[in-house]
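Use the sequences and the hints to build the structure in full.
Chain order of the listed sequences is A and B.
The opening position of the first sequence corresponds to residue 1 in my numbering, with each subsequent residue numbered one higher.
The opening position of the second sequence corresponds to residue 1 in my numbering, with each subsequent residue numbered one higher.
Be careful, since some hints might not be right.
Repeated chains share a single entry, so a pair holds when one copy, or any two copies, can fit it.
Straight-line distance between alpha carbons at most 16 Å, and here's what the computed EDC-like set of lysine to aspartate or glutamate pairs gives [to be verified]:
1. 677 <-> 664
2. 403 <-> 195
3. 670 <-> 607
4. 320 <-> 146
Hints listed in this document are in silico derivations from the structure and should not be mistaken for laboratory results.
The lines below spell out each chain.
There are 2 protein chains.
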Amino acid sequence: MPYTDLDWKAINTIRVLAVDATSAANSGHPGAPMGLAPAAHVVFQKFMTFNPKNPKFLNRDRFVLSNGHGCMLHYALLHLYGYDLSIDDLKHFRQVGSKTPGHPEAHDTPGIEVTTGPLGQGVSNAVGIAIAQAQAGATFNKPGFDLLNSHTYVFVGDGCLQEGVASEAASLAGHLQLGNLIVIYDDNHITIDGDTNVSFTEDVLARFEAYGWHTQWVKDGNEGLDDLEKAIEVAKSVKNKPSIIKLTTIIGYGSLQQGTHGVHGSPLKPDDAKQVKERFGFDPSKFFDVSPEVYGLYKETADRGAAAEAEWNALFEKYKGSFATEASEILRRYEKRLPEGWQNNLPVYSSTDGAVASRKLSETVLAKVINTLPELLGGSADLTGSNLTIWKGAVDFQPPDSKIGDYTGRYIRYGVREHGMGAIMNGISAYGLHIPYAGTFLNFVSYAAGAVRLSALSQHQVIWVATHDSIGLGEDGPTHQPIETVAHLRAIPNLQLWRPADGNECSAAYYVALTSHHTPSVLCLSRQNLPQLENSTIEHAMKGGYVVHEDSEAAVTIVSTGSEVGICVDAIKTLAAEGIKARVASLPCWEVFDSQSQDYKLSVLPDGVPILSVEVYSTLGWEKYSHEQFGLNRFGASGPYKDIYKKFEFTPEGIAKRAKATIDFWKDVKPIRSPLKRAFTQLI
Amino acid sequence: MPYTDLDWKAINTIRVLAVDATSAANSGHPGAPMGLAPAAHVVFQKFMTFNPKNPKFLNRDRFVLSNGHGCMLHYALLHLYGYDLSIDDLKHFRQVGSKTPGHPEAHDTPGIEVTTGPLGQGVSNAVGIAIAQAQAGATFNKPGFDLLNSHTYVFVGDGCLQEGVASEAASLAGHLQLGNLIVIYDDNHITIDGDTNVSFTEDVLARFEAYGWHTQWVKDGNEGLDDLEKAIEVAKSVKNKPSIIKLTTIIGYGSLQQGTHGVHGSPLKPDDAKQVKERFGFDPSKFFDVSPEVYGLYKETADRGAAAEAEWNALFEKYKGSFATEASEILRRYEKRLPEGWQNNLPVYSSTDGAVASRKLSETVLAKVINTLPELLGGSADLTGSNLTIWKGAVDFQPPDSKIGDYTGRYIRYGVREHGMGAIMNGISAYGLHIPYAGTFLNFVSYAAGAVRLSALSQHQVIWVATHDSIGLGEDGPTHQPIETVAHLRAIPNLQLWRPADGNECSAAYYVALTSHHTPSVLCLSRQNLPQLENSTIEHAMKGGYVVHEDSEAAVTIVSTGSEVGICVDAIKTLAAEGIKARVASLPCWEVFDSQSQDYKLSVLPDGVPILSVEVYSTLGWEKYSHEQFGLNRFGASGPYKDIYKKFEFTPEGIAKRAKATIDFWKDVKPIRSPLKRAFTQLI
Ligand SMILES: [Ca+2]
Ligand SMILES: [Ca+2]
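Put into C-alpha cells, the structure is as follows:
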C-alpha cells in the first residue's frame, strides 16, 4: 500500500509530540525523534506485530531504541498505538514519578523492552533477544507450528556504534547468523561533538560485512519510506545473517537547526517549535495535539496486532493438544515458575567431605540442575575450562551449518567479550523464557560494568559465574586479582553478590540466584580448594549470613566470606591456644543478609564483643558489619597462592594477631554495639 | 641480510626458555612464546631501535605484548638483549617478589612499556603511545631535526581483538591515520575455548580495513621470516595509516600439542619439554641454557641500539643549540617537572563569589593552566560541550589532511569510546611527555573500569574529568546517575577520587592531580551550581579534608563531599533554630586525606561527638569516617534536580532530621571514638 498524506500526518505528529514534550520538560532530545519518525512509522506500521493491550504477548516483534535519548520517539508511538501511556504521561516527560523518564526504563513503562540510554547497550541487548528467540524457536517450534518466530528491530545511532560493547555483540551476532535481527542505523552524521568526521570516519557497513552481517544503505531516510520498506523486506528475507540498514537521515528534521548537533540534546527555541508546527501543518497555538485520524490510523494496526495475538493463542491451543509437555514448559517458563522440587537436586555436603574449589562446586551444581532447568542458557567469555560452566552432553548454541552445534544448544561461546556478554544476557532475560548465566574471571566482570548496573536497574535475572575470585588465583598476578571489584558490585542496588565458603553455601547461592527473578547475581568462586564448614547448611547460607562457630564466652566475633572463612575457623585454634575464645560468622551475601530480620542479624553479629572482618579485598564497606577490618587495600602479587596468602598474612596466625588487637582496642568502650544498630534507616 | 642458523638458534632459545620457565613455575603460557618467537626475533633484530642499558631512551621504538599472558616471550628477549633481567629472574617466573610476574607489569620490569594481560588493553595503550609520539613529533621536530620519530610495534592475539576496548581504539587509530603504529596479529586459530571457529569467525583484516587501516597477511608465521620482514617494511612505508599484519602461526610450535589450546595456558609435560629441546637441537638435560653465540647475536643489536641512542643524544645537543626552549621543554616534560610557578594560575575564590557548577569551575582551571602546561593533552568521549573540557583556541589533534586540526593539536575527539579512551590515556602517559585528561559523565567512567584499574596499578598520571556526577544531573535519570561508581573508584588502590564542593576545592583537586605523577585521578564534577564555601581554601582542600564550619560546642559533626557540602552548611541553620550546634567537614578526596597525619585527621573528625556522613551515593565505605550514613542505596530518578534532591530528602531539613537522630542514638555510648581510630593498620 502506498503511503498517504495520513501517514505523513502521523509521522509529523510524532515529531511535534517530541517537540512539545521536550519543550514542556525544558530538557531532552528532540533531534533523533524528528529524524527517525519516518523510519519508526514504517517499522511499526508495516512490519511489527504487537498488541498494545498486552505488551508481554510472547511472540511479539521486539523494538529496541538503542539511542535511548531519543525516547520521545518511542513514548509517542506507544501513546498513539494505545499502550497504557496517556497524553498526560507525555506531558510529564522527564518528571519525577512519571512513566516517561529521560531514558527508557523497561521496568517502568509498558512497551519498553529494554532499558537504554547508556550507549551501545540496546543493540547488544537486541542480540540477546535474538539469541533467545532463536533458541526458543528451535526448541519449541514443530512441523505445522511456527510458534515462536518474532523479529527484533533496532534503531541505533552513531554513538552506539562507536561503543566497544556493541562491536563485541555485533561480531558475535554475525558469527551466530542471527537472521531474526534487523538493525536500522541512523546515519545522521552528527554526534554531540558535532560532525561525525571529528572522530568516526570508519566505513560502518564494511565493518558489519566483516562481521558477517547483511548490509544495505537507504540514502533518503527523510522521504524515502518505500526505499526503507523494501530494504526491510530484503533484510527479512535473509535468514542466515543479521541485517543492518544504514539510513541516512537529517537530525531534527523540520527544525531551523536541522542537521546540526544544536538540535540533539536541548528543546527547540519557541519560535523554532512554532515554525516546525506550521511547516508540518499543525496549529502552533496547540500543544500535545493529536488528530483523531492519526489515532485511527494507528488503532487499525493495534487492532491487527490484537487479532494476531488471538490467532497465535488459537495456534497455541492446538499446540497444547499435540505437544502438551512443550506447551506447559513454555507457560511455566513464561510465568517464571521453576519446576516443582528442582531444588532437591542441589548438592548437600557434610563437614567431613573433602575440600573442593568453589568453581568446582559450582560446576557440580550446574551438572545437577541443568537438565531440570531447561531455561538455563549458559556460556563463558572464552574461559569454559577455567570457569567450569559447561556440563556433560552440552550442545553449543551455534548456527546449524557450523556443524559444531545448533540453535537448540544451551551453551554459548561468547568469545573474549565480557561487556557484550553482559548486555546479551540482559537481552536474553528480556525475551522472557530463559535464565542466562555465564562465566569469566571475577576481575573481568568489571569490563562489563555498564551492562551489570543495567541488569540491576532493569531487574534482569542474570547470573555471573565469576571464578578466580581473589589473590587465591595465584600466579596470574595483580592484573587478574580483584581488589576493588567486590566493593563495586556490593554498592550496586538490587544486585546479589555471593561469595560462598563451601559446598552448602554454593548450593544456597544458586538456590537464591535461581529463585530471585528480578535480581542479577554474581557468584564469586575460588580457584583453590576450600574445606567444608562445620555448621554450614543450605538453609543457613540462604539467609546470606550465619554463625559458623558459636561460643557464648567469645571475646570477639570474626566475620568473613568465601575462601577466608576456613582460615578464620583455623584461627580459632590459634586463639584458643592463648586462652582466647572467638566466634566465626560467614556472610556470603550482604544483600540477602540485609533483608533478614534485625533479630536474626543480631544473632549473627551481636552486641557485646567487637567484630573483626576478614576478606582479601578492599576493606571498603566492611565497617557496616564490623568494628575492625582486615583486608587488602593494595594490589596483589604474582606467585603460588599459598605464598601470597602468607605474604599478606591471611593465615590463622595473621588473623589471630588482628583479633587480639581488636579485643584489646575495644575493651574500654561501653556499650559495644553491633554495627547493625543504626540511628535511622535508609530511604528505599 | 639472510637469516642464518644462528637466527634460528636464537628463536629456538626463546622457545626453550619459555618452556623451562613455565615448567619451573609449574604455571604459565608456553604456547604464545613458542608460536611468536620467530616474529619477535624479526621485529627486535631488524626493526626496533632500543638500548637495553637505558630502557627509557626517549626516542626508542616501543614494543607492546598485548597478549600479555605470553610474557615469557618478552622476558626472554629482555634477558637475552641484556636488560636488567637476569637468568635468575627467569627462573623465578611467577614467584612472589620477582621481576617476572605472571603478566607483564610496566612498573616492575625494565623494558616493559605497559602492563598487559587484561585482554584488549595493550593494543589500545599502543594507540595512545602512537598518538603521544605523533603529537610530540609534530610539536618538537624541526627541519633537519627528526628528533621524535619512533614506531610502536604490537603483538596481539585473537582474544585482544575480540575485546570492545580494542575495537574502539582501533577505530580511532584509523581515523587519526597513525602511521607510526604497526600491529602484528597472531592468527593461530586458537583461544582458550578451542578453535576460533566457535566464536570468532569475522574477517579481521576486512574489519580493520573498514577502520581505515593498512592490512597485510603473512601466511607462514612459523618459517617465513623474510615474508614478515617484507611486510613490516611495507607497513613502515605507509605513513598515513596504522598497519595490521595478520601472521598465521601455530601456537606452541614444536610441542607435541602444537596447534591446540592444550599448549596455551599450562606448562608442557616433561616428556614434551624434552622432545621440544631435542627437536630444536638443545640438550634436554639442561635448563635455562643459553649459548654464548645467541647472547652474542643479541648483544650486537643491543650495541647498535646504544650507538643509536648516542647518535640521538648528539642530535639533541645540536637541537639544544638551535631550539633551546623546545629542548628544555622536552627535558622538563621527560623528567616530569612542572614549570615553576604554574600553580599561581589556579583560580582562587572567596565565599562571596557566586555559585558555579563544578564542571564550569573545572573549565576555568583548564583555561587558566592550559597554556602554561603544554604537556596537557585533553579530550572527551563526545561530550565536550557537557564536560567543558575544551579551551578557547584549542586545536584538535587530527590528521593534517582532515583540515579540522593537525598533529600538534592538544584536544582529542575520542568519540563515544570511554574504555578505549581510558586505555589510550594510559598509553599517552606511558610515552612519557604528556599528562592526558579527558571527560565523560561520571557514570560512564564505569565503562572504562578495565583501563582505570590499570592506570592505578601501572601508576599512570591520567585525569578523568567526570561531570554530571550524581542525581544532580536531573532529567537524564537513573541510567545516567551514578550510585555505586564512587565506591568502586574509592576501592581502587592508588587512585585519587576528588569530589570538589566549590571553586577552591576544584583548584586543589587539579593541583594535587597535576602534581601526582604516579597516580590517576578522577574528578567528580557537578552539572548544577554550587556555592563557594566559607572556610574553603586551596591549602585546606589539598589535604583531602578539612573543617568547613567549626563549633567547639557541636553535638554532631556532619561530613560530606561535593554538591552536598553546601546543603550541610545550610542544615546548620536548621539545627541552630532548634538549639543544636553542629560542625561541618568537607572530604573531597579520601585517598589524600588518609595520607595526612593522624593528628590532623582527628582535628577534622574528632572524638567526642558522633559523625554523620552525607553524600548522594551508595553509603558503602562511609562507615570508615562516620558513625551514621545518609546516602542513596537505590537507583535515582528522572526529573529536575531540585525535585530529585527533595524526593530523597537531601535538603537542610532532611539532613537536620538525621543529624538529630544521630545525636540521640549515640548519646549513651562512652567514649565516642572517632572512626579514624583503629585497632591495627593495614599492610601496604
Ligand atoms: Ca548521530
Ligand atoms: Ca589465539
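Here is how each hint holds up against the structure:
Taking the closest pair of Cα atoms, residue 677 and residue 664 come within 16 Å of each other only across two copies (13 Å); inside a single copy the shortest separation is 22 Å, beyond that limit. Within a single copy, residue 403 and residue 195 get their C-alpha atoms only as close as 45 Å, which misses the 16 Å cut-off; across copies the closest is 13 Å, which meets it. Within a single copy, residue 670 and residue 607 get their C-alpha atoms as close as 10 Å, and across copies as close as 15 Å, so both meet the 16 Å cut-off. Proximity of residue 320 to residue 146 under the C-alpha cut-off of 16 Å is restricted to the intra-copy arrangement: shortest distance 13 Å within a copy versus 78 Å between copies.
Violated hints for the displayed structure: none, as all numbered hints are satisfied.
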